[in-house]
Amino acid sequence: MTAYLNALGVICALGRDKQEVTRNLFAGDCSGMRSEAGWVPERSLPVGTVAGELAAIPPELIRQRSRNNQLLLEAALQIRPDIDRAIQTYGRDRIGIVLGTSTSGIDEASQGLAHYIRDQQFPADYDYQQQELGAPANFLADWLQVSGPAYVISTACTSSARALMSAQRLLDLGVCDVVLCGGVDTLCKLTLNGFSALEAVSGQRCNPFSRHRNGINIGEAAVLFLMSKQPGDGQAIALLGSGASSDAHHISAPEPSGRGARQAMRKALHRAGLQPQQISYLNLHGTATAHNDAMESHAVAAVFPEGVPCSSTKPMTGHTLGAAGALEAAFCWLSLSTGNREHALPPHVWDGQADPELPALNWVTPATRLTSTGPRYLMSNSFAFGGNNVSLIIGDAP
3 MTAYLNALGV ICALGRDKQE VTRNLFAGDC SGMRSEAGWV PERSLPVGTV
53 AGELAAIPPE LIRQRSRNNQ LLLEAALQIR PDIDRAIQTY GRDRIGIVLG
103 TSTSGIDEAS QGLAHYIRDQ QFPADYDYQQ QELGAPANFL ADWLQVSGPA
153 YVISTACTSS ARALMSAQRL LDLGVCDVVL CGGVDTLCKL TLNGFSALEA
203 VSGQRCNPFS RHRNGINIGE AAVLFLMSKQ PGDGQAIALL GSGASSDAHH
253 ISAPEPSGRG ARQAMRKALH RAGLQPQQIS YLNLHGTATA HNDAMESHAV
303 AAVFPEGVPC SSTKPMTGHT LGAAGALEAA FCWLSLSTGN REHALPPHVW
353 DGQADPELPA LNWVTPATRL TSTGPRYLMS NSFAFGGNNV SLIIGDAP
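Every letter in the sequence shown is one number past the one before it in our numbering, and letter 132, counting from 1, is 134.
FYI, nobody ran anything at the bench for these hints, they're computed from the structure.
Even glycine gets a Cβ: it sits at the ideal position worked out from N, Cα and C.
Any given hint could turn out to be false.
What the hints assert, rightly or not - Computed list of lysine to any residue pairs in SDA-like fashion (alpha-carbon distance at most 20 angstroms, straight line): (1) 20 with 249; (2) 231 with 300; (3) 20 with 30; (4) 269 with 292; (5) 191 with 236; (6) 269 with 259; (7) 269 with 51; (8) 231 with 30; (9) 191 with 89; (10) 269 with 246; (11) 191 with 120; (12) 20 with 234; (13) 20 with 246; (14) 191 with 134; (15) 191 with 46; (16) 191 with 128; (17) 191 with 44; (18) 231 with 90; (19) 191 with 49; (20) 231 with 84; (21) 231 with 175; (22) 20 with 82; (23) 231 with 176; (24) 20 with 235; (25) 269 with 235; (26) 191 with 344; (27) 191 with 156; (28) 269 with 303; (29) 20 with 300; (30) 20 with 31; (31) 269 with 399.
To be verified - FRET-style restraints, in silico, Cβ to Cβ: (32) 279 with 63: 44 to 50 angstroms; (33) 122 with 343: 45 to 51 angstroms; (34) 358 with 118: 25 to 31 angstroms; (35) 195 with 358: 30 to 36 angstroms; (36) 293 with 38: 34 to 40 angstroms; (37) 90 with 177: 16 to 22 angstroms; (38) 57 with 177: 27 to 33 angstroms.
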């Protein structure tokens, strides 16, 4: 069954709505990446922060207040009219919610624990449910008063890509008529210090696939798609194929040969009924760590021997962890949308110094254009700790 992606709400370092994100994405704008102190002791690091005040949590849901839920609320407000129409058409019990996250409200929990250690009591506004991994789905269901399945998937950096896969299964099984799916993750000290302890965080803007790459930047984002069995009123864009694998090579390092990554990409192609040469663009996981970029280069060269236009968008957003899979699927959606009048693609932002030990890839430049003859098919890769791999294919619906 075709899973139509009929609406998109998105907020990240590139902007606070689809129009702003689209404009800055295709311009290769990295100005949302700002160097900030205070996250990691004695270090100033580039981070992909969403600037400005966020939407307030409604008073009746104040016990669920967290920055993570505020980001999610911002994305949901962008498509609230579409959600309301779906509720009116199908009923509240036929609307599901599947999200990905890795942080949830852990920053509020950390502040609460610090308060407890200091004062021997939690602050008055602390609630354990703020930090539960299921909190974003519960909050969104409570805010919208929908009663379909509502849950969160947390598989590190593939979380929200898997959420889209899971949402499609709910539609295929007839459990839901519409699923709100995507992901949300928030900057917090726990995450930044954890990756810093792994010596994986760069002190400069990340430089994916360069010979000089030296680590990731971290960012925050919220993405929400309205996935349906039926196409919307406008252009029909759909999740056409998905593939997942788990190579279980190492708790944090990728399997060097890219075996699991190749398997995920080939599964997605098979399920979409496509050949590699039909893919017009590939959004790479592209974290700018030595091992991940090497693995992905070999995997892409193996699956796409004739080449494919590709880029990593993480220098513009930071690695948004549990939200990354949905965010980069959203970039594919924006590339296909009628709002992209120039048929642009997200450019690969780096220093242009290729690693001679890696297979050469076909990098998207500001002049690259998405072919507009016939149906268009775009792929997005997400890879996570534990060897968890996902590839999604977003394209023009049949």
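For each hint, the structure was consulted:
1. Straight-line distance between C-alpha atoms of residue 20 and residue 249 comes to about 35 angstroms, which puts the hinted pair past the 20 angstroms bound.
2. Simply put, residue 231 and residue 300 have alpha-carbon atoms about 36 angstroms apart, too far for the 20 angstroms limit, and the pair is violated.
3. Straight-line distance between C-alpha atoms of residue 20 and residue 30 comes to about 15 angstroms, which keeps the hinted pair within the 20 angstroms bound.
4. Simply put, residue 269 and residue 292 have alpha-carbon atoms about 26 angstroms apart, too far for the 20 angstroms limit, and the pair is violated.
5. In summary, the hint linking residue 191 to residue 236 is not supported, as the alpha carbons are separated by about 41 angstroms, beyond the 20 angstroms threshold.
6. Between the alpha carbons of residue 269 and residue 259 the distance comes to roughly 17 angstroms, so the proposed pair stays at or under 20 angstroms and holds.
7. For the given pair, residue 269 sits about 34 angstroms from residue 51 by alpha-carbon distance, which is inconsistent with the 20 angstroms threshold.
8. Taking the CA atoms of residue 231 and residue 30, the gap is near 34 angstroms; set against the 20 angstroms cutoff, the hint is violated.
9. In summary, the hint linking residue 191 to residue 89 is not supported, as the alpha carbons are separated by about 38 angstroms, beyond the 20 angstroms threshold.
10. Pair hint residue 269 plus residue 246 holds up; C-alpha atoms about 7 angstroms apart against a cutoff of 20 angstroms.
11. Taking the CA atoms of residue 191 and residue 120, the gap is near 18 angstroms; set against the 20 angstroms cutoff, the hint holds.
12. Straight-line distance between C-alpha atoms of residue 20 and residue 234 comes to about 17 angstroms, which keeps the hinted pair within the 20 angstroms bound.
13. Between residue 20 and residue 246 the CA atoms are separated by roughly 28 angstroms; this puts the pair beyond 20 angstroms, and the hint is violated.
14. A distance of roughly 17 angstroms separates the Cα atoms of residue 191 and residue 134; the hinted pair therefore holds under the 20 angstroms criterion.
15. For the given pair, residue 191 sits about 13 angstroms from residue 46 by alpha-carbon distance, which is consistent with the 20 angstroms threshold.
16. With a CA separation close to 18 angstroms, the supplied pair residue 191 and residue 128 stays within the 20 angstroms bound.
17. Of the pairs offered as hints, the one joining residue 191 and residue 44 holds, with about 13 angstroms between alpha carbons and a cut-off of 20 angstroms not exceeded.
18. Among the hinted pairs, residue 231 with residue 90 is consistent with the structure: their alpha-carbon atoms are about 16 angstroms apart, no more than 20 angstroms.
19. Restraint check: the Cα-Cα separation between residue 191 and residue 49 comes to about 12 angstroms, which is no more than 20 angstroms; the hinted pair holds.
20. Simply put, residue 231 and residue 84 have alpha-carbon atoms about 14 angstroms apart, close enough for the 20 angstroms limit, and the pair holds.
21. Proposed proximity of residue 231 and residue 175 is supported: the alpha carbons are some 11 angstroms apart, at most 20 angstroms.
22. For the hint linking residue 20 to residue 82, the alpha-carbon distance of about 14 angstroms falls within 20 angstroms, and the restraint holds.
23. Between residue 231 and residue 176, the direct Cα distance comes to roughly 9 angstroms. Compliance with the 20 angstroms bound is thereby established for this hinted pair.
24. Annotation: proposed proximity of residue 20 to residue 235 holds, straight-line Cα distance about 18 angstroms (limit 20 angstroms).
25. At most 20 angstroms may separate the alpha-carbon atoms for a hinted pair to count; residue 269 and residue 235 exceed this at roughly 30 angstroms.
26. With a C-alpha separation of about 39 angstroms, the suggested pair residue 191 and residue 344 falls outside the 20 angstroms cut-off, and the hint is violated.
27. The straight-line distance between the Cα atoms of residue 191 and residue 156 is roughly 19 angstroms, inside the 20 angstroms bound, and the hint therefore holds.
28. Proximity of residue 269 to residue 303 is assessed by CA-CA distance (about 16 angstroms); at most 20 angstroms being required, the pair is judged to hold.
29. Proximity of residue 20 to residue 300 is assessed by CA-CA distance (about 33 angstroms); at most 20 angstroms being required, the pair is judged violated.
30. The straight-line distance between the Cα atoms of residue 20 and residue 31 is roughly 15 angstroms, inside the 20 angstroms bound, and the hint therefore holds.
31. Among the hinted pairs, residue 269 with residue 399 is consistent with the structure: their alpha-carbon atoms are about 19 angstroms apart, no more than 20 angstroms.
32. Look at residue 279 against residue 63: about 49 angstroms separates their beta carbons, and that is inside 44 to 50 angstroms.
33. Taking the beta carbon of each, residue 122 and residue 343 are about 60 angstroms apart, not inside 45 to 51 angstroms as hinted.
34. For residue 358 and residue 118, the hinted distance range of 25 to 31 angstroms is not satisfied, since their beta carbons lie about 53 angstroms from each other.
35. The hint said 30 to 36 angstroms for the Cβ distance between residue 195 and residue 358, and at roughly 34 angstroms that hint holds.
36. A hinted range of 34 to 40 angstroms is violated for the C-beta pair residue 293 and residue 38, which are about 26 angstroms apart.
37. Checking the proposed 16 to 22 angstroms range against residue 90 and residue 177 shows it holds: the Cβ atoms sit about 20 angstroms from each other.
38. Checked against the hint of 27 to 33 angstroms, the C-beta distance between residue 57 and residue 177 comes to roughly 30 angstroms, which is consistent with it.
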